[in-house]
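A.B. asks: Could you build the full structure based on these sequences and the hints that come with them?
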Amino acid sequence: MTEPVRVMLESGKKKRVVASAFDWPGWDRSTKLGGDVLAVLDSYRHRFAKVAERAGYGDEFGRLGDLEVVEQVEGIGMTDYYGVSGRAATAERGPMTEAELDRKLALLRASWTSFDDTAARVSSDLRKGPRGGGREKDLIIQHVNGAEIHEFAPKVGVKVPLETRDDPTALRAYRDAFADAIREHHARGEPARSWALQFLIRRCAWHMLDHAWELEDRDLTGAEPDSTAQYN
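Just so you know, the sequence shown maps onto residues 217 to 448 in the numbering used here.
If you're looking for bench data, these hints aren't it; they were derived computationally from the structure. Since the structure is predicted, the reported quantities are computational estimates derived from the model, not experimental observations. Be aware that one or more of the hints could be misleading.
Claimed, not checked - FRET-style restraints, in silico, Cβ to Cβ:
id, residue 1, residue 2, range
1, Leu-378, Ala-315, 29 to 39 Å
2, Ala-386, Asp-252, 41 to 51 Å
3, Lys-266, Ala-307, 22 to 32 Å
4, Ala-336, Gly-274, 17 to 27 Å
5, Gln-358, Lys-266, 16 to 26 Å
6, Ala-255, Ala-393, 35 to 45 Å
Beta carbons are placed, not taken as given, at the ideal position from N, Cα and C, and that holds for glycine.
C.D. replies: Next comes the structure, spelled out in structure tokens:
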């Protein structure tokens, strides 16, 4: 028998709904209210499978079954306007075993590596988004790493200069420190300020993968854009 994928639905008041496979940090997708958000999430299964494989959990991920909604919550403003999950699932607010922490941190590291590798191989110029919009590649890289350094890592006490994002060696050291700080907070039973640790990991992994997939979809080296593409 296959194990279902537990999913939380997070609905905004006016515009968007997010589906989060919260046991697999980074596998979150959104669509307009009234749309089939589970179909959108499932359409990214093959893309997230590569991340799970990179983390060493490809076989486990490959054995997963259908999506199963286990919780529905009201979203926040950013859910409505950007399709961003802003709330922890009930299961994410509970304690993790050491094995679960290891797995989720491995998926976070795989998300970092996936973003870095994608950014290194896609074209310097990117396909324009709707109405000619979308950040340029260098600005996407700065935004993704900068948001983590400025907004997310300080929640577990990791504070480094924003310029760390521009130095590959310093960036690797920062990421090690971030992962270590998450482990230390877990050992002490402490949250990431107002966020559950598991939600912090998921939010960071989602942000990396959301923009990695954006880079793939906007790559001009010959691949056709993904018809299901969505990014923030």
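A.B. asks: In ascending order, which of the hints set out earlier in this document are inconsistent with the structure?
C.D. replies: Going through the list in order, the structure violates no hint and respects every one.
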